[in-house]
Amino acid sequence: MTGQDTFRVRVREALADSRLRRTVLEATIERDEKRREVWAELPDVEGLRHLARRIRDHTLDNLDHYLSSLIDSFQRLGVHVHLASTAAEANAAVIEIARQYECGHAVKSKSMLSEELELNAALAQADIGVTETDLGEFLLQLDDDRPSHLTCPAVHKDIASCAETFQRKLGVPYREDPKALVGIARTTMRDIFRRADLAITGVNCAVAESGTIVLVMNEGNGRFCLLRPRVHIALMGIEKVVPRPADAAVLLQLLGRSATAQKLSVDTHFITGPRRDGEIDGPEHMHVVIVDAGRSALLAGRYREVLRCIRCGACLNICPVYRCIGGHAYGGVYPGPIGKLLTGLLGAGADADTLPHASSLCGACVEACPVEIDIPALLVAMRSDQPLRRRWRKKKVGLIRLAMRLMRTERRYALAQRLLRQVLRFRAKDGWVSKAPFLTAGWTKARRDLPAAPARSFRDLWKEGRI
Amino acid sequence: MKPPIHGNRRLLEDVAAAMRPQRDTAPPAHEERIVRSGISEPLAGRFVTEAEEAGMHVSRISQGGLLDRLSSLIQSAGGGPVLLEPSLAEERPELRRLPGCLTEPTEEELFSARVGIVGAEAALAETGSIVRTSGPGRPRGMALVPMTVIVVLGASRISTDVYDYLAGRDAGGMPSELVIITGPSKTADIGMRLVTGIHGPGVMHVVLLEDA
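Respectively, the protein sequence lines represent chains A and B. So the first sequence is numbered by the numbering used here: it starts at 1 and just counts up by one. So the second sequence is numbered by the numbering used here: it starts at 1001 and just counts up by one.
Extracted from the complex, chain A is given alone in its bound form (with noise of 0.2 Å):
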């Protein structure tokens, strides 16, 4: 890792922000209660969870067998495989393609692999145009920002933001109107998914048995990527495969629900290869980009099951901490629970140390998510992975010497207590106290008040009888 802790800079900086607290907050507690609401109107959804994590677990452990039987598949529909180790190699082979039918401009769904691969600044190099179609990642694109959510990019904007861009970037009025802002958003694209060439777009799940990508979306854009360009480019990591259709029914059981709580997104989006005989629109030539970038080299050790992983951004709907300093902080590509793992294990990002420890390990996200990732466990794992640094060990004994100190008799216990309660009376105000003294002090430096303490304690109620 290069560089210096930047997490802690971007923490700060994110919890003084009421505005992006207000709106990140909002949208996460949302999204999860509708989410419990849906799950719960399935038949068995303990069952169902554990089944899609059975089947990705079956596919990772014989992931051999289904890429190659995927790879044939694909062959057998005229699709042409590109294989890729690194993101270098998978930006090249884009670029390669893209030149080979001499493609001028691409219109692009979402894919966070792109992102990881940081494509588009590679097919900016290459004098290739790209334009994002998810609303909320073309409006990331006008600002020249970078998604802070798995499912919902622009989380971070609230209205008078995105109407601001639209302003500044597109020239038209200003607006706080979702609607109107849509509409422009409508107009604005549709002649850009007209003169586009290529579409570049990600892949949800692979069907080793029928060479099928499965793309999930709800704006019509993916549909739309595939309608006029005559080359379409599907990117995909190399654990994104399942064994038959039947499985990635299961996983879209749980895709729609976990991500948006919908039933099914609006359009589940199978391609099969591309243009038959007859047909009079769609892609004429379809590529796709297979790509490892690190995980391989997770399938054999103890964080594997991180590759089960479907992307659905429930653990960051749920997080406590996700929800009070939004996606931005995390600083890599992925945020929230799951990104604390994959910043450091595929090395997208900077901060890979730091993150693993930005976690109460309260295990909210296990609870949400659809192939039950262990993320807790996988974090503590990572977190003794890591050299203990000697100003730490230095720091940390000394706290367990004097805890244990103060906890061997019961008496101390009470006195410490005493003395504890007595500092953060005296420090309150209104009933709360807001900046608090030595070990405490961490508590409300992250902007957190702390309530006065009682002017009885619970070991006074008790002796008094009065409990």
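No lab work stands behind these hints: they were computed from the structure. Here the structure is a predicted model, which means the values were calculated and not measured. Careful, some of the hints might be misleading.
Stated by the list, open to error - One-sided and incomplete, this derived list gives chain A residues near chain B with beta-carbon spacing under 7 Å:
| hint | residue |
| --- | --- |
| 1 | L51 |
| 2 | A154 |
| 3 | G220 |
| 4 | F270 |
| 5 | R276 |
Note that beta-carbon positions come from the ideal geometry of N, C-alpha and C, so glycine has one too.
Please build the complex by placing chain B on the supplied structure of chain A, with the hints as guidance.
Chain B in isolation, oriented as in the chain A frame:
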């Protein structure tokens, strides 16, 4: 002729090297109770409820009333030229009597028409979805480009759910495009407010033919 594999074969070697010697090669069994929605009520009724919840407008009529129903839907969408899916026109030649209907529009006509009328291969009761497949006479654009899309659906084509539909399909017979559509296109990217009609259709009607 199979196209060659491009790029670095190392990827496949790296994956093979990471495989464990002991592994179960049989895919996990899917327990019916878990993967199927178990809908027992009449499929048409459930489909209508769910499709409306997903934001589509459903009218249940008999085949005899189809032309009248379509005419009034076209009227309320503002009239003008109407895209008519060729395969649907072949199946129901009486639809060619709709004023201004185009089965082979130019690109200009495709992008300026307000209404598209299309058929459906199937529908899913559990989610209120329409299933469309591409093929000769079934272009992708007609159900995507116009603001208003009208789907003509025979009630006998409704199946239970996405699992039932996909598990029942022959993997070798997948069309170049299959799309399961559940409601009009929508976005919540601006301030978490739901707005319909972003890139795809903003209004979707399903004309459900009870006797077809």
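Consistency of the hints with the structure:
1. At about 6 Å, the closest approach between the beta carbon of A:L51 and any beta carbon in chain B falls short of 7 Å, and the interface hint on this residue holds.
2. Checking A:A154 against chain B by beta carbon gives a least distance of about 5 Å; that is within 7 Å, so the hint holds.
3. At about 2 Å, the closest approach between the beta carbon of A:G220 and any beta carbon in chain B falls short of 7 Å, and the interface hint on this residue holds.
4. The restraint placing A:F270 at the interface with chain B holds, with a minimum CB-CB distance near 4 Å, inside the 7 Å limit.
5. The criterion of a C-beta within 7 Å of any C-beta in chain B is met by A:R276, whose closest approach is roughly 5 Å, and the hint holds.
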